Amino acid sequence: MRQIWGAWGLFLTALIAFPVWAQEPEEPIDIDQQATHEQTRLIEIPKETPVNAFCLNAKGQILAACGIGPGQVMVLDANGEKLSSWEVSIKPEAINSAADGTILVAGHGKMLRFSPEGKLLKEADAPHAAALAEHEDELRKQAEEQVNRPPVSLESIISAYKGMITQLEEKQKTEELNEQEIRLLQILPENIKNFEEQQKAQEEAQAKAGEDKNKPDNSAEIEKVLQSLKVSKLRVASISTDGKNVYLATPSSVGYTFDVWQTNVDFAEPKLVVKELRGCCGHMDVQACASGIYVAENARHRVACFEPSGEMLTSWGKRDRTGADGFTSCCNPMNVCFDKAGDVYTAESNTGRIKRFAADGTFKEYIGDVKLVPGCKNVSIAISPDNDSVYMLDITRNHIVLMQRKAPSAETTKVEATKET
Numbered sequence: 140m141r142q143i144w145g146a147w148g149l150f151l152t153a154l155i156a157f158p159v160w161a162q163e164p165e166e167p168i169d170i171d172q173q174a175t176h177e178q179t180r181l182i183e184i185p186k187e188t189p190v191n192a193f194c195l196n197a198k199g200q201i202l203a204a205c206g207i208g209p210g211q212v213m214v215l216d217a218n219g220e221k222l223s224s225w226e227v228s229i230k231p232e233a234i235n236s237a238a239d240g241t242i243l244v245a246g247h248g249k250m251l252r253f254s255p256e257g258k259l260l261k262e263a264d265a266p267h268a269a270a271l272a273e274h275e276d277e278l279r280k281q282a283e284e285q286v287n288r289p290p291v292s293l294e295s296i297i298s299a300y301k302g303m304i305t306q307l308e309e310k311q312k313t314e315e316l317n318e319q320e321i322r323l324l325q326i327l328p329e330n331i332k333n334f335e336e337q338q339k340a341q342e343e344a345q346a347k348a349g350e351d352k353n354k355p356d357n358s359a360e361i362e363k364v365l366q367s368l369k370v371s372k373l374r375v376a377s378i379s380t381d382g383k384n385v386y387l388a389t390p391s392s393v394g395y396t397f398d399v400w401q402t403n404v405d406f407a408e409p410k411l412v413v414k415e416l417r418g419c420c421g422h423m424d425v426q427a428c429a430s431g432i433y434v435a436e437n438a439r440h441r442v443a444c445f446e447p448s449g450e451m452l453t454s455w456g457k458r459d460r461t462g463a464d465g466f467t468s469c470c471n472p473m474n475v476c477f478d479k480a481g482d483v484y485t486a487e488s489n490t491g492r493i494k495r496f497a498a499d500g501t502f503k504e505y506i507g508d509v510k511l512v513p514g515c516k517n518v519s520i521a522i523s524p525d526n527d528s529v530y531m532l533d534i535t536r537n538h539i540v541l542m543q544r545k546a547p548s549a550e551t552t553k554v555e556a557t558k559e560t
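The sequence shown begins at 140 in the working numbering and counts up one residue at a time.
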C-alpha cells in the first residue's frame, strides 16, 4: 500500500508540472478604498470554550454559542466584555435571536428556546431527527459501502501513468521538456512495469483463494461507521426565524446535500420546505426575515431566496476568483445576515470578504475584508442595530472580529460641508 500511495504522490507531482492542468488562481480585487468598514478589535473567547456560532440580540450584545456538549451561551457587550452566561444541555451548534427577545439554540437533533436571561422555555426534537430514523436501511448501506470500498486500483494508476507518458512524448515533439518532465519519462516505464507485476500477482491470489473465502467479519466496523454517520446527520447548520416560523438547515437524511425544515414557533408542525441544497465544508447557512428565506448556497456560489412554502423567489451570484462580479474562492458565500432595513450581507470564508446587497440581490457596497485564518469554514456574521458595527467569527482562532464604519476622510467632510452651504 505504501508503494501505491507513493505512486500517487508522484502522479500529483507530475500534474503540477503541466501548466494546462494547473492554473494559477487570480487574486481577489483590492477593495480597501471602496470598503465602508475597517477592522478595529478582536473579541477573544477562552479556548476552553470553543465558539461554534454567534448572533446579536436587539440590544447589540453578542450571544456566543460555545462548547462541545454540554455547552453554554455566553453574553458579551458590543466590545467583548462578558456580561453573563447560561448552560445548554447539548452542543450548541447554531444560535439566533427572535424579534420577541427570546433566543433560539439548536444542535445534535434538538431545538431549544430561552428567555433573554437564559431560562429554558421550550425544548423539542428537531424534525430531521425523526426523518433520520426512517432512513436506517439507507444509512446502513452507506456505512457498508464505506467499509467495503476497495483500495486504490492498480489498474487506474497504470492507466494514469501511461496517459502521462503519452502527453510528455507529444509535448516533446514541439518543445523542450524541463528537468522534472525528463525525469518522469525515465522513471514512469519502470513504475508501470512494477505495478503490472503487482496487479498480476493480486489477480492470481484472488483466483486461488476465491473472493468470499476467508472474508473478514467487519460488522463491528460497519456499526461504528453507521453511528458516526448518524451523529453527523443530526447536526444543525443554522437556525433562524421570521417571527411566524422557525427554520433549520440540516444535513439531508441520505446523501451529501442539505435541507431546510420549517416548524411553527412552538417547534411543532414540521415541514421539509427546501431540499438538496449543495454545500461544502459541512456548512449551510439559512437565515429568514420578512423578505423570505435566504440561503448561502456556497457550492453553487450564490445566494438563493425562497418563500416560506419553499418556492424560489430569486437568486444571485457566481464563482468569480477576483470577487468583482461574484464570490471568491472555492465555496462562497458561506454565511448571510440582515440589517434592520432588510439589506442582505454576505460573508466569504478564506478571504473574509463582506458585501451588502438589497433584498433583491442588487449590489450596494463592500463592507470590507476581515483578516482571518484562510480556509473553508463557518464565518458567521452579524450587524449592529445602528449598522456601524459588523462582526465576523474566525472559528479557527476562536475569536470574533469587529469591523467598524470608517471615519469620513477630510476631503469627504469638506465636500459635504460645501454641499450644505
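Everything labelled a hint here was simulated from the structure, so no lab data went into it. Source: prediction; values computed, not measured. Any given hint could turn out to be false.
Said to hold, decoys possible - Ranges of calculated distance between the beta carbons of each label pair, as one might list FRET restraints: (1) 536 / 450: 36 to 46 Å; (2) 345 / 450: 26 to 36 Å; (3) 500 / 292: 44 to 54 Å.
Cβ coordinates follow ideal geometry from the N, Cα and C atoms, glycine included.
Hints and how they fare:
| no. | hint | in the structure |
| --- | --- | --- |
| 1 | 536 / 450: 36 to 46 Å | 40 Å, holds |
| 2 | 345 / 450: 26 to 36 Å | 53 Å, violated |
| 3 | 500 / 292: 44 to 54 Å | 45 Å, holds |
Hint check: a violation occurs at hint 2 only; the rest are consistent with the structure.
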